[in-house]
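Build the complex: two chains, separate frames, hints provided.
Taken in sequence, the protein lines are chains A and B. For the first sequence, the numbering used here gives the first residue as 1025, with consecutive numbering after it. For the second sequence, the numbering used here gives the first residue as 311, with consecutive numbering after it.
Be aware that a few hints might be false.
Ranges of calculated distance between the beta carbons of each label pair, as one might list FRET restraints [what the hints assert, rightly or not]:
| no. | chain 1 | residue 1 | chain 2 | residue 2 | range |
| --- | --- | --- | --- | --- | --- |
| 1 | A | L1039 | B | L339 | 34 to 40 Å |
| 2 | B | Q333 | A | T1035 | 24 to 30 Å |
| 3 | A | L1150 | B | F376 | 42 to 48 Å |
| 4 | B | L363 | A | L1150 | 22 to 28 Å |
| 5 | A | T1040 | B | P340 | 28 to 34 Å |
| 6 | A | S1117 | B | L336 | 42 to 48 Å |
| 7 | A | K1031 | B | P332 | 52 to 58 Å |
| 8 | A | L1071 | B | A316 | 19 to 25 Å |
None of these hints come from the bench; they were simulated from the model. Beta carbons are placed, not taken as given, at the ideal position from N, Cα and C, and that holds for glycine.
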Amino acid sequence: MTEPRSKENHTIFLLTVGLLAWLIPGAGHLMIKENKRAIIISVTIILTFCAGLYVGSIGIINPSGAKPWYVAQIMNSPIVAALGYLAKTGDYSVFGKPNEIGQIYTSIAGLLNLLCIVNAVYLAHLCKIEAAGDSKCP
Amino acid sequence: MSITDALVMATFTIPEKIGTDPQSMLWLLPLVAAIAVVYKATKLPEIKAANFLKEAVILSGSIVVFMFVTALILYAIARLVIE
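Isolated chain B (complex conformation) (with noise of 0.2 Å):
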């Protein structure tokens, strides 16, 4: 096995330290506009890349500001119940 080969294998055999601070929740934007890519994929009739990327974008960032008000809400609810 070439260094190479060692090096691509052992990338997917150790896993990537990831703490548990509010950063890694940017995890979540890449998980976000695959999904956003793949659902227009399959929905748009045509495929045109300029109207790909803009509904894709839009979705992409409809879901971001979703889950953030989502959490903002959570937060507030929380906030009220503990005082």
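Isolated chain A, as found in the complex (with noise of 0.2 Å):
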């Protein structure tokens, strides 16, 4: 049986939760012991990710160009912003069907780890109800 945490330390917690599934898709899952959605989401959201970046470069991260997409390809990781830097200094310009592609499929996947975080927080808040009980949260 796990003691209860604090007020305090729960906040933290669940800080730490969120802010562990915005650096590494999937992480904030496997810190509350929910393995199979954490590997499940971290490959799906890694995977989509790295399409959109292959059908438009790394051109379609934009973030003086393409504000509103920037928005949603940054809560993939705070990775896409020194890939937003690089892009912003190198001459990696793209236009059409690729820029659209890879732009809604980068941002799809950012909007879905959007989604995971905040279960990942969800699930983490429920840790404390079941505290007394038989949970497997940490």
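Structure below.
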């Protein structure tokens, strides 16, 4: 049986889960020992994001010219900001259908990761409620 | 930088050639599969391979059918407006 966490510790725990889930897709679920979910989420989101980059090149990450897309893309991971900087400094211009498909893929991957971040934090919050029972949470 | 590294880098720095033909709509299918898989991974109370696959396939199919029906309706409306 696990000891119930204090309110402050629980808030820090939820923030850590959320931050980890943003840093690496699936890591938030891994932290709350939802290993199967973590693997599925991680593989699917990373593959979708890489498929977008493959189709459109890193030029599709455009922090200044395509801000709404960039907001969705950065939900994947902070690494996107580094890719955005790299794309800004080099000549990786992309137009037409590859740009469109690449942006849709990477942005949808980001929004799916946002869904997973919220889900991981929610499941982590449920851990506190179930803490008195036979919870599998850390 | 080795040849392999250069090839991997080139893969992500040069865009693919994709036309504006109807076949380009097939790029929708992997995205639908990804959405269904991640959604079901967050929603199912317990992940079991067979059940998970079944649920994800049903959701993917539902999305594709719904989009197809929507496209047909929009096409019919467009025809009515034009004629």
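Hints and how they fare:
The given range of 34 to 40 Å is respected by L1039 (chain A) and L339 (chain B), whose C-beta atoms sit roughly 37 Å from each other. Hint check: Q333 (chain B) to T1035 (chain A), Cβ distance near 51 Å, so the stated range 24 to 30 Å is violated. L1150 (chain A) and F376 (chain B) have their C-beta atoms about 31 Å apart, which leaves the hinted 42 to 48 Å range violated. Between L363 (chain B) and L1150 (chain A), the C-beta spacing of about 26 Å keeps the proposed range 22 to 28 Å intact.
Look at T1040 (chain A) against P340 (chain B): about 32 Å separates their beta carbons, and that is inside 28 to 34 Å. Hint check: S1117 (chain A) to L336 (chain B), Cβ distance near 26 Å, so the stated range 42 to 48 Å is violated. The hinted range of 52 to 58 Å is satisfied by K1031 (chain A) and P332 (chain B), whose Cβ atoms lie roughly 57 Å apart. Our hint of 19 to 25 Å for L1071 (chain A) and A316 (chain B) holds, since their Cβ atoms are close to 23 Å apart.
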